[in-house]
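Trainee: Here's the letter readout for the chains.
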Amino acid sequence: MPVNQDTNIVQSQLNIDNKVGVTVHEWAANHYFERTTAQDVYHVEAKVIHDSLDGVMKGGTSLFPFEGEISITWNVEDIDADTVKADLSDWKSIVDRADVTVSEDWTANTITATLNADHNHSDWVSHPFAYVPLSNSARIDAGDSGAKIACVMRLVDVEDWTVEYKTISSETTITKSGSDCYVFFSTDYTIGGTDYDAYTVNRLTSSSVDVTPTGRCTVIKVYK
Amino acid sequence: MKYKIHVSGYLEQTNQLLVSFSSDETNRQAADYQSLAFDVVPYGDVTAQQILDAIAKVAPTICSDIRVAETYEGDDSRAEDLRAFVGQSFEYDENDLLPSGAAQERDAQANTEAEQAEEI
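Protein chains in written order, with this note's numbering: chain A, 339 to 562; chain B, -17 to 102.
Don't read these hints as lab results, they were simulated from the structure.
A hint or two may mislead.
Claimed, not checked - With the C-beta cut set under 10 Å, the calculated list includes, among others, these residues of chain A facing chain B: (1) Lys357; (2) Arg373; (3) Tyr380; (4) Val494; (5) Arg541.
What the hints assert, rightly or not - Listed next, with one range per pair, are the computed distances between beta-carbon atoms: (6) A:His457 / B:Gln86: 32 to 42 Å; (7) A:Gly530 / B:Thr94: 22 to 32 Å; (8) B:Asp57 / A:Ser515: 22 to 32 Å; (9) A:Thr543 / B:Asp63: 50 to 60 Å; (10) A:Thr510 / B:Glu95: 30 to 40 Å; (11) B:Thr94 / A:Val438: 26 to 36 Å; (12) A:Asp389 / B:Asp63: 20 to 30 Å; (13) A:His457 / B:Asp57: 50 to 60 Å; (14) B:Gln86 / A:Thr543: 50 to 60 Å; (15) B:Ser46 / A:Val348: 46 to 56 Å; (16) B:Gly69 / A:Val348: 49 to 59 Å.
For each residue, glycine too, the CB sits at the ideal point set by N, CA and C.
Using the sequences and the accompanying hints, generate a full structural model.
Mentor: The following block contains the structure:
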C-alpha cells in the first residue's frame, strides 16, 4: 500500500455534498502516516517544485492537527541534499510560525518539523506546510501524548478550495467566505440555542453565525 | 454507427478465421483493409455464427484505430524525438505507471455515496 498508516479514525464524513470529505483521527503516541513517494502527497499527487526554490515542493494540505503534537520527517534523497540545503533557510522562512519548530539532520538527510497543535490561533491561519523539503518519502508521527487530526479532503475542484483554521473558546462570530463554505468544529457547540456535535461538518449558508463552543475549539473553514 | 466485417479466409490447419473491419467513418470498405487472424479454438463449443458475433465485438476498437491512422498528420519533430529513443532502454517506477495511493483514496471518497451537510 503506497500510503502506510496506523491510525484511529473516530469520525468519517467521507463525502459531503460530493465536494469535500472530513475524517477525524485521534492518535495515540505510536500512530503515524507515511508516504514513500511524492505521488502520494495529497491533493498534489506529484513532485511539484516551488516556483523559485528547487529544493522545495508543494506539500499535502489535508491534515489539520487540532490538539496535541505531531512531528513530520522528510527524507531527503542523497542526490537532492545539496539542493535542499541551499534552499532550506528560505523554506524555514515560509513555515516560520509560533507553533512550528524545525530541526535538521544531515547525517541521516532528514528534516523534521514539530507542530504544536495546542497552540491557539486567534486569527485565521492556513496550513503550515503548503511547501515542504524536496522528498519522496515522509512520515508523520504523533507526539508523546498523542494528537487529534482532522483530514480535510477536497473531492472536486481541488485547486480552488481554501482551508483555514482558528481557535475559539467563547462565543465567536464565524463569517462565511466564498460561495461554497463548510465549517468544522472540534468540540460540541451551540448556534442560536441549537446544539451540535463535535466533528460534524456543516454548510455555512448564512453570511455569519454566532457559535458558542464547549471549550477550546478549533474551527476549520473550507471554502471556494 | 454501422460496422462491417469481411471474412477473407479460414485457415483449417491453424483454426484461424481471417477477418477485416470497416465502419461508417473509415475511408474504405472492410474487404479493402488488411485481415486479422482470429484463433477460433478459444471460443469453445459454440456455433460458427456465435464465433463470428464474438469477433464482431472488436469492430469498434479496430475501426477506431483505423480512423486514427487515416487522420494522422505527420510530425517531423516528434519523429525526430522518436528516432532518438532508438537503441536506448528506459526504466519507470511503478508509481509513475499506476494511480497513486492518494489519488485512489480521493477517488474512493468521491465515489462514496454523498451525505448532505446540514446548513447553518
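Trainee: Each of the hints needs a verdict: does it hold here or not?
Mentor: Tested hints:
At its closest, the beta carbon of Lys357 of chain A sits 8 Å from a beta carbon of chain B; the interface hint therefore holds under the 10 Å criterion. Taken as an interface hint, Arg373 of chain A checks out: its beta carbon lies about 8 Å from the nearest beta carbon of chain B, inside 10 Å. The closest approach between the C-beta of Tyr380 of chain A and any C-beta of chain B is roughly 5 Å, which is under the 10 Å cut-off, so the hint is satisfied. Taking 10 Å as the C-beta cut-off, the interface hint given for Val494 of chain A holds, the closest approach to chain B being about 7 Å.
Because the beta carbon of Arg541 of chain A sits about 4 Å from the nearest beta carbon in chain B, less than 10 Å, this interface hint is met. A beta carbon spacing of about 33 Å between His457 of chain A and Gln86 of chain B agrees with the range 32 to 42 Å that was offered as a hint. The hint said 22 to 32 Å for the Cβ distance between Gly530 of chain A and Thr94 of chain B, and at roughly 31 Å that hint holds. The hinted range of 22 to 32 Å is not satisfied by Asp57 of chain B and Ser515 of chain A, whose Cβ atoms lie roughly 47 Å apart.
As the Cβ distance of Thr543 of chain A to Asp63 of chain B is approximately 53 Å, the hint placing it in 50 to 60 Å holds. Distance hint check for Thr510 of chain A and Glu95 of chain B: the Cβ-Cβ separation is about 33 Å, which falls inside the suggested range of 30 to 40 Å. Roughly 33 Å separates the CB atoms of Thr94 of chain B and Val438 of chain A, a value that falls within the hinted 26 to 36 Å. Checking the proposed 20 to 30 Å range against Asp389 of chain A and Asp63 of chain B shows it holds: the Cβ atoms sit about 27 Å from each other.
Range check, His457 of chain A to Asp57 of chain B: about 56 Å between beta-carbon atoms, so the 50 to 60 Å window is met. Separated by about 32 Å at the C-beta atoms, Gln86 of chain B and Thr543 of chain A break the suggested range of 50 to 60 Å. Between Ser46 of chain B and Val348 of chain A the beta carbons are some 49 Å apart, a value that agrees with the proposed interval 46 to 56 Å. Checked against the hint of 49 to 59 Å, the C-beta distance between Gly69 of chain B and Val348 of chain A comes to roughly 57 Å, which is consistent with it.
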